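Peer 1: Sequence:
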Amino acid sequence: MAASSPDVSDQPSGSDSPRPGRSGGGMVAPANAGLTAFLMFARNDAYNRLATEILQYPGLVGQVSHLSAAQLPQDTQDRLAENPFIVCDQAHFGYLQSRNITVPWVVTGDSNALAMQAFAAGADGFLEYPWQIPQLKKSLERIRMLIRRRTERQLYRQLTRLLTHQMHLLPEDVSDWVEQHMPDSADQTVTFRSDGAWYSLPCSRIVWVEAAGDYMCVYTDTENHIVRITMTQLCKTLCPHRFERVNRSVLVNRAWVRQVLRTSSGCWVVLDDHTRLKISRRFLAAYWQQQIK
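Mapping of the sequence shown onto UniProt numbering: residues 1 to 293, in sequence order.
To be clear, the hints were calculated from the coordinates, so they are not data collected in a lab.
Just so you know, these numbers come straight off a predicted model, no measurement behind them.
Any given hint could turn out to be false.
Have a look at the derived ranges for each label pair, beta carbon to beta carbon [as the list claims (entries may be wrong)]:
1) P134 <-> G266: 25 to 31 angstroms
2) D173 <-> A121: 19 to 25 angstroms
3) T263 <-> W198: 38 to 44 angstroms
4) T222 <-> R281: 16 to 22 angstroms
5) A286 <-> Y156: 27 to 33 angstroms
6) C235 <-> Q291: 32 to 38 angstroms
7) Q289 <-> G213: 26 to 32 angstroms
8) L162 <-> R142: 28 to 34 angstroms
9) T164 <-> A197: 50 to 56 angstroms
10) K138 <-> T191: 21 to 27 angstroms
11) A286 <-> T191: 26 to 32 angstroms
12) Y156 <-> D195: 32 to 38 angstroms
Quick reminder that beta carbons are idealized off the backbone N, C-alpha and C, glycines included.
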């Protein structure tokens with residue numbers, strides 16, 4: 001189910017920002033110089049199906065040719081066509097942040113400083129212009145991944161509501177019910193004892209874990225557990241293709257990583273819940289270096 005596009009028509013009066021106006025070709029863009037040429041291009045290109053909101057940024061028309069040359073895979077085009085996302089400039093990303101936008105959004109600009117500001121504000125990506133095809137592909141692929149992940153979570157919430165109503169289950173019992181009725185599930189589980197009770201969790205629900213002496217703090221998508229186990233022992237039971245070490249004490253589920261940032265104080269993994277975890281030099285070179293934007 002596609003998320004609805006945010007309404008930007010209620011910007012404060014006196015703002016220099018133009019109000020977007022809908023036009024043909026499935027595009028949303030502000031009225032500015034060259035817009036007619038842009039929309040004519042969009043109507044005759046495969047990208048006319050992208051439900052995109054473009055909030056004015058320099059060189060709009062000059063960059064359009066890169067879209068046609070990118071030649072994204074068909075499944076990526078289809079996914080992006082069915083779901084809205086936003087591309088904005090420096091003048092707008094603060095506004096989007098204040099509006100708590102629920103669709104993926106990307107900032108475009110021409111400096112590393114702006115990129116750092118954008119990611120700090122919660123942007124899902126940064127496009128440096130003039131756009132380069134590999135950069136554009138990578139950014140749009142990330143948008144596709146975010147849309148898929150959010151769609152899956154939305155479906156999970158819908159399933160939870162349905163099961164709690166139809167099967168008279170408590171929300172916290174839904175995962176166990178699903179596991180019992182889907183024995184062929186490919187998602188590996190990990191079993192441990194916490195607070196005097198035994199738990200069996202799918203690896204996909206574990207967001208990150210942190211060592212604390214002889215114990216591990218296990219953070220899931222809905223709850224936290226303290227488990228008496230060492231990092232070495234836990235690593236042996238978790239799915240190796242899902243988890244990656246961040247430092248000596250922290251292990252994260254790669255599927256829950258929102259972005260990897262390089263700052264003046266070092267490199268950080270930012271999770272979907274905005275938790276920030278510092279990457280040690282040892283593990284930066286081993287995996288995370290290539291993930292930094």
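Peer 1: Evaluate the given range 19 to 25 angstroms for the C-beta pair formed by D173 and A121.
Peer 2: violated (38 angstroms)
Peer 1: Is 16 to 22 angstroms a correct range for the gap between the Cβ atoms of T222 and R281?
Peer 2: violated (33 angstroms)
Peer 1: Between P134 and G266, does the beta-carbon spacing fit 25 to 31 angstroms?
Peer 2: For G266 against P134, whose Cβ atoms are near 26 angstroms apart, the range 25 to 31 angstroms holds.
Peer 1: Confirm or reject the claim that A286 and Y156 have a C-beta distance inside 27 to 33 angstroms.
Peer 2: holds (31 angstroms)
Peer 1: Confirm or reject the claim that Q289 and G213 have a C-beta distance inside 26 to 32 angstroms.
Peer 2: holds (30 angstroms)
Peer 1: Return holds or violated for the Cβ distance of A286 and T191 against the range 26 to 32 angstroms.
Peer 2: holds (28 angstroms)
Peer 1: Kindly confirm whether 38 to 44 angstroms is satisfied by the beta carbon distance between T263 and W198.
Peer 2: At 41 angstroms between Cβs, range holds.
Peer 1: Honestly, do C235 and Q291 meet the 32 to 38 angstroms range at C-beta?
Peer 2: Since C235 and Q291 have Cβ atoms about 20 angstroms apart, the given range 32 to 38 angstroms is violated.
Peer 1: Does 32 to 38 angstroms hold as the CB distance between Y156 and D195, or does it fail?
Peer 2: violated (25 angstroms)
Peer 1: Do L162 and R142 keep their Cβ atoms within the hinted range of 28 to 34 angstroms?
Peer 2: holds (30 angstroms)
Peer 1: For the hint 21 to 27 angstroms, verify it against the beta carbon of K138 and that of T191.
Peer 2: With a Cβ separation near 38 angstroms, K138 and T191 fall outside 21 to 27 angstroms, so the hint is violated.
Peer 1: Mind checking the hinted window 50 to 56 angstroms against the Cβ distance between T164 and A197?
Peer 2: violated (21 angstroms)
Against the hints set out earlier in the document, violations occur for numbers 2, 4, 6, 9, 10, 12.
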